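Could you build all of it, start to finish, from the sequences and the hints given here?
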Amino acid sequence: DTAVSQTPKYLVTQMGNDKSIKCEQNLGHDTMYWYKQDSKKFLKIMFSYNNKELIINETVPNRFSPKSPDKAHLNLHINSLELGDSAVYFCASSQVRNEQYFGPGTRLTVT
Amino acid sequence: DQQVKQNSPSLSVQEGRISILNCDYTNSMFDYFLWYKKYPAEGPTFLISISSIKDKNEDGRFTVFLNKSAKHLSLHIVPSQPGDSAVYFCAASVGSSNTGKLIFGQGTTLQVKP
Numbered sequence: 001d002t003a004v005s006q007t008p009k010y011l012v013t014q015m016g017n018d019k020s021i022k023c024e025q026n027l028g029h030d031t032m033y034w035y036k037q038d039s040k041k042f043l044k045i046m047f048s049y050n051n052k053e054l055i056i057n058e059t060v061p062n063r064f065s066p067k068s069p070d071k072a073h074l075n076l077h078i079n080s081l082e083l084g085d086s087a088v089y090f091c092a093s094s095q096v097r098n099e100q101y102f103g104p105g106t107r108l109t110v111t
Numbered sequence: 001d002q003q004v005k006q007n008s009p010s011l012s013v014q015e016g017r018i019s020i021l022n023c024d025y026t027n028s029m030f031d032y033f034l035w036y037k038k039y040p041a042e043g044p045t046f047l048i049s050i051s052s053i054k055d056k057n058e059d060g061r062f063t064v065f066l067n068k069s070a071k072h073l074s075l076h077i078v079p080s081q082p083g084d085s086a087v088y089f090c091a092a093s094v095g096s097s098n099t100g101k102l103i104f105g106q107g108t109t110l111q112v113k114p
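So the protein lines, in turn, are chains A and B. The C-terminal position of the first sequence is numbered 111 in the working numbering, with every residue numbered one higher than the one before it. The C-terminal position of the second sequence is numbered 114 in the working numbering, with every residue numbered one higher than the one before it.
Since the hints were derived computationally from the structure, they do not count as laboratory data. Note that the coordinates shown come from a computational prediction; the quantities given were computed from them, not determined experimentally. Cβ atoms here follow ideal geometry from the backbone N, Cα and C, with glycine treated the same way. Treat the hints with caution; some may be incorrect.
[What the hints assert, rightly or not] Here are a few chain B residues that face chain A, going by a calculated C-beta distance under 10 Å: (1) Gln2; (2) Tyr36; (3) Pro82.
Here it is in C-alpha cells:
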C-alpha cells in the first residue's frame, strides 16, 4: 500500500527521445509536485498541481510538460531529452500545506 | 542563489551520542521549516517541522531549534542510533503562499557508528 508511487524506477534513454514518468498517490491529497535532484544533490521543485490545476511552474524548459488527469496522478513528460536532464526525479504530494510525502524517485540517465 | 544552506556535507557520530545538523537560510520571509531524512534509493521522508513563531519543537529523539535572528536552525538527535544514518535535508517555505513550495538545502550525510 505504497503512498506515493512512481514508474519507472530507472529509465535509460538516448538523447532526443521522448519519455514519460508516472506518479500516483493514494493518500487523498489535493496537491502534487515534481522535484529534480541533480548531480550536486540539490532537490529543486519543478511543478506543483492542486486539484489538477497548475500552481507552481518554476523555470523549467518547455520540453518538460506535466499532466494531471486527476488529483491522484501527476505525470511528467519530457521531449527531446538532453544529457543535462539526467537526474533523479521525485514526485510528492501533500494535504497539509508543507508536509510533503515523496515517492521513491525515478533515476533518468540520458546517453 | 542558494537560499537554504547546509554547510556540512557530512557528519559522523558514535552511537548513543548527540548528532547536531545545521542549516542556514537567507530569506527572512521564510516562516516554516522542515527536516527530511533520506535513505539511498528512497524518497525523502518528513521528520519534523517548526513554525517561525516557535524556537523549539521536539518529537521523541528529534528536536529542532530555530534562531530567527541568526537565520539558523538545527536538528538534534539524541541518542543517535545506527538506523539514523541517512542524508538529512533542511527545507523552508514562505507562509503567505499556499503553494507548498519548499526550498531545500543540499543535505548532510549522517553516519552513526555502532
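Hints and how they fare:
1. Gln2: 8 Å, holds
2. Tyr36: 8 Å, holds
3. Pro82: 22 Å, violated
Checked against the numbered hints above, the structure breaks only hint 3 and satisfies the rest.
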